Amino acid sequence: MGIAKSASAAASGGLSDPAIDRKVTVYVMGKACEVPATATIMGAIEYAGHQIIRGAGCREGYCGACATIYRMSGDYKIRTGLACTTMVEEGMVLAQIPSVPAEKVVYDIEKLKPNVSAVQQTYPVVFRCVACNTCTRSCPQDIRVMDYVQAAKRGDIAAITELSYYCVACGLCMLRCPAEITQPLVATLAKRLYGRYLSKNSPELAVRVGAVADGRYDAEYAELMALGRSALSDRYYARDTE
Amino acid sequence: MYPEYMAESLRKVVETRARRVELGKKPAPVYAPMNADERSAVLDGFHPDFKADARRSVRIGPNRGEILTTEVADLLESHSWLRTEQVDLSHPDIETDLLVIGGGGAGCSAALVAMKEHGIRSVIATKLRIGDANSMMSEGGMQAAVSRTDSPPRHYLDAIGGGHFENKPELVRALTEDAPAVVQWLEKLGVVWDKESDGSLQVLHGGGTSRKRMLSCRDHIGAMIMRTLMDEVRNHPDMINVKEFMPAVELILDDAGRCAGAVLYSMDSEEFFVVKAKATVIATGGFGRLHIRGFDTTNHYGATGDGLVMAYRAGAKLLYMDSVQYHPTGAAFPEQIAGFLITEKVRGAGGQPVNKDGELFVFPREPRDIEASAIIRECQQNGGGIETPSGRVGVWLDVPIIDQLNGEGYIVHQFAAHHHQFMKYKIDITKEPILIYPSLHYQNGGVEINAHCETNIPGLYVAGEASGGVHGRNRLMGNSVLDYNVFGQRAGRYAGQYASGVTLGSLTLSHLNRHEQELAEATVQTSLVTPILLPSYAPEAVKKRQLMRHHAQSLPGASVLHNRLHEESRRSGSL
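Those sequence lines, one after another, are chains E and B. Using the working numbering, the first residue of the first sequence is number 1, and each one after it goes up by one. Using the working numbering, the first residue of the second sequence is number 1001, and each one after it goes up by one.
The hints are simulated quantities; they were obtained by calculation from the structure and are not laboratory data. Bear in mind that the values here come from a model prediction, so they are computed numbers and not experimental data. We put the beta carbon where it would ideally sit given N, CA and C, even for glycine. Incorrect hints may have been included.
[What the hints assert, rightly or not] Footprint (simulated), chain E over chain B, 3 or more residues, beta carbon under 8 Å: (1) 1141-1147; (2) 1158-1169; (3) 1187-1195; (4) 1221-1234; (5) 1537-1545.
Bound conformation, chain E alone (with noise of 0.2 Å):
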């Protein structure tokens, strides 16, 4: 069965691990909470009993709902991190965020060209960058955010696109930023830009497309569609593999 026995079943059969029934107490929201030490933040908050609608998303870290602020007792520092994947820890105080506010600015891309005169046309706010690197220590992701937003400056597309490619756009960044750049909303058109105009044009592919246009294998396909169960099965198990 893919899913876990209760955790009192899992203890009491042989493989037993002291961690499963520990508990610690985090703050949800400021409430103090007991949950399993194994509990992911996401986790926590659901088992004290709070139906989230706003915070969470894929719940596997691809989509940055679920941008969560935290400080440790004692501790100063604020921290950052996504719920789903992030595990608690005795003392997190958590905060939620909903939405982070950002505009995004509407373009025609088959208008702009992939250089700094797209970022000049559209998110100018990347040249206030400080270079504190505030975003890339609250980058839950491990971002070089910094560093990508220096090389919007310089219009440097292809460099923009690689060091944000696994941005999950949670917005932490931009609520941290003292020069309040909308960070990943610089890395989404960049990342376009490159698609559109600097990734290198297949060769075959406009070749297919355009003999699909042409009816070229209408007559492959009719023969396929007419074959009955067993002549089609027979085909296929016959088939060569590359």
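Following the hints, put chain B in place on chain E, whose structure we already have.
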């Protein structure tokens, strides 16, 4: 970090690796692929769909008498949130040409194509944020026959064989024939495909492919495409009106039986809104959060099968809703990421599933249902699994072998997301294998469509995972990303065309009365209210204090919000 007791088994994986690297370098398969009889034996014996209580007959609606997945039958035999007389349809809150329900890949594609090809304005109504969808989470790739050695009809043969020859042929043709143009359209919008140095598209194998045709964006294809589509939708705020946290809960029909919009529910204010639309596209995705047979899921938070329920109550036919896809490789350890998807691209690049003794027991790239069943067999029958501290079981997916086959650094570059994910738990996947077990992944069936995405209800179109027929009873890797692009675009094209010509009659929700009457006639006793919208993960003790109904426990849904709503309508004596 793996617990100490697994060290012996991990050592065996290392021990057998050199031998398996040699196998991997040869052109022959590393393990004999199954023939038709072997495939059918492993499915019958071990696929979760074939367990005794996995399916039952549905007692109401267009598919009455048909055998469906038990949880799906439960979902369909449930009450609406609404009663016909509660809703004033005479003054719609919103009027639009095209209503798109769902803001994932199919929904965004539909709205964009309707706009570009027909100048049609649309409303996208979505439960969470735009892009909160399974589309965002795809990792491995998208199939498209673009290489010189491949062809669209060959893609057709692979897809229909993978689906056990039950796929609707016209849909498979549309899927495979549109694929190259989809690649081109996405690139023009700015998707960064993985390329070779000469600019040709990089292609890999996936389970069940006879040619290398898996295009990729490292291990992040979903986010790459979804973020591009979302960004483009947001570049047209005058044409596409995005309503977030506003799921649809019922379809509206007109007096001629055409689909005429939907009732939306605001998650924030708990209000209902009437949307009158000339055409409606359901692009609500799948049902992983129903946790069928208790399985973990790879799916996003909102994957609760909403579109199925709404379409069924309005009279739409479903196809192949007796079939569930379990992805062969969900994470089984650590507990925090149990059920998370480990991309099939790992096996496409040479990764191998091996048992506790480090031995191969299945060809690594069988179609998904076969591969998953073989893994379950290895654990349940052959004793080849490893138990985790929390009582799960799994086999190893040998990832480090990939660097030995493809060169140092390949894993870190091509599987950066997984590398980062496991490092958080002190597991370095360049050095250690991943413990995996099948995870609930995909709704193979859905609302039956034709190649124009039309259903048996005029004006109702369905695209993406919510639809049925494209994949038969088993989808191949890389055909879902392709599906939501091909059929999302087709839905926009044909729904846009239809919306340009239709004049609606007066609106009605009388189908909800018919549905209640059918439930009563079939003597269905249920307290379930659907669509579920969001699953609840509160512990049982908390649920009890929240006064959650016991009967609803066969499905994990029943969030606090709609449980309360149901209690209120029950008290008023209407249900």
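Results for each hint:
no., hint, result
1, 1141-1147, "holds (count 3)"
2, 1158-1169, "holds (count 5)"
3, 1187-1195, "holds (count 8)"
4, 1221-1234, "holds (count 8)"
5, 1537-1545, "holds (count 5)"
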